[in-house]
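Generate the whole structure from the sequences, applying the supplied hints.
Chains as they are written, first to last, in the working numbering: chain A, 31 to 188; chain B, 31 to 188.
No lab work stands behind these hints, which were simulated from the structure alone.
Among the hints, a few may not be true.
In this list, chains with the same sequence are indistinguishable; a pair is considered to hold if it fits within one copy or across any two.
Simulated crosslink set (DSSO-like; lysine-lysine; CA at most 27 Å straight-line) [said to hold, decoys possible]:
#, residue 1, residue 2
1, K170, K148
2, K181, K170
3, K185, K170
Residues per chain, in single letters:
Protein chains: 2
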Amino acid sequence: MSADFDLETRASADDHQALRLWLRLLSCTTRVEDQIRQRLRQEFGTTLPRFDLLAQLERHPDGLTMRELSERLMVTGGNVTGITDQLEAEGLVLRETRPEDRRSFIVRLTPAGRRQFKRMAATHEGWIVELFAGWTPAQKTQVHELLAQLKMHLKDNT
Amino acid sequence: MSADFDLETRASADDHQALRLWLRLLSCTTRVEDQIRQRLRQEFGTTLPRFDLLAQLERHPDGLTMRELSERLMVTGGNVTGITDQLEAEGLVLRETRPEDRRSFIVRLTPAGRRQFKRMAATHEGWIVELFAGWTPAQKTQVHELLAQLKMHLKDNT
Numbered sequence: 031m032s033a034d035f036d037l038e039t040r041a042s043a044d045d046h047q048a049l050r051l052w053l054r055l056l057s058c059t060t061r062v063e064d065q066i067r068q069r070l071r072q073e074f075g076t077t078l079p080r081f082d083l084l085a086q087l088e089r090h091p092d093g094l095t096m097r098e099l100s101e102r103l104m105v106t107g108g109n110v111t112g113i114t115d116q117l118e119a120e121g122l123v124l125r126e127t128r129p130e131d132r133r134s135f136i137v138r139l140t141p142a143g144r145r146q147f148k149r150m151a152a153t154h155e156g157w158i159v160e161l162f163a164g165w166t167p168a169q170k171t172q173v174h175e176l177l178a179q180l181k182m183h184l185k186d187n188t
Numbered sequence: 031m032s033a034d035f036d037l038e039t040r041a042s043a044d045d046h047q048a049l050r051l052w053l054r055l056l057s058c059t060t061r062v063e064d065q066i067r068q069r070l071r072q073e074f075g076t077t078l079p080r081f082d083l084l085a086q087l088e089r090h091p092d093g094l095t096m097r098e099l100s101e102r103l104m105v106t107g108g109n110v111t112g113i114t115d116q117l118e119a120e121g122l123v124l125r126e127t128r129p130e131d132r133r134s135f136i137v138r139l140t141p142a143g144r145r146q147f148k149r150m151a152a153t154h155e156g157w158i159v160e161l162f163a164g165w166t167p168a169q170k171t172q173v174h175e176l177l178a179q180l181k182m183h184l185k186d187n188t
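See the structure below:
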């Protein structure tokens, strides 16, 4: 009975470890995200979902369908169609009919959109460097590798 | 000149390291969050902001003001007043006038809200254990400590 009890105590301690870890991870991510949201608003008068959408398009010069865009966006709080409409009205992105399937279209950056994103991205990268300066380069490498391992587990199990 | 150049190359490599780390951190957090959102919807017909709000109240049995609630919520996508109204209508939370300041009120869990949250929380904790099983207990401890260090840096610098 005492062995059972130990096992249960250990299992429960492990459970709490995972939960505590997740809450800490979430609180750090939220804190960084909040800072980025705040600074994007102050410096560029824009939002994180808008920035995130431009970033995805910058990584895919051939354009993305609305569905692909939705799947790739990493932050919540934005309506993909609504944001795309706004960015199109501002001349930063454009919708193009796909030659092989005239019913669907892809979204791409315009040259103006690319220029504006690059300007914001350079500043954004500086903020990230500053916010993560609490870790040494060696610690950053360590966390990066640990996250690779977690990502693989999540890929295989979700 | 070659020393300057090396310094610049190194700085740029470090910049990219921080950015890559942040993107990986964000993608892991988003993946876990998406899973939790999906499972909360399927299993309990509820949303992550609702669950998060109940969780904050469970941690503060004396109740929280709306302002304190907003500050403590860790996930986005919810309107605190709107969610509180819904949960109050369902009898899971209640608003109480504070004796010392009749203009403001605090939000608390009702006994029914506490029971419902506890049932969801136990299942939720199991999901978190499963999603983070990609790390050994020793690795979880390691990440937990590294995050503590990052959190301190963020606290001092934001």
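Hint-by-hint comparison with the structure:
For the identical chains of this complex, K170 and K148 are intra-copy neighbours only, at 24 Å inside a copy versus 36 Å across copies, given an alpha-carbon limit of 27 Å. When the C-alpha separation of K181 and K170 is checked against a cutoff of 27 Å, the pair qualifies both within a copy, at 16 Å, and between copies, at 14 Å. Taking the closest pair of Cα atoms, K185 and K170 come within 27 Å of each other both inside a single copy (22 Å) and across two copies (18 Å).
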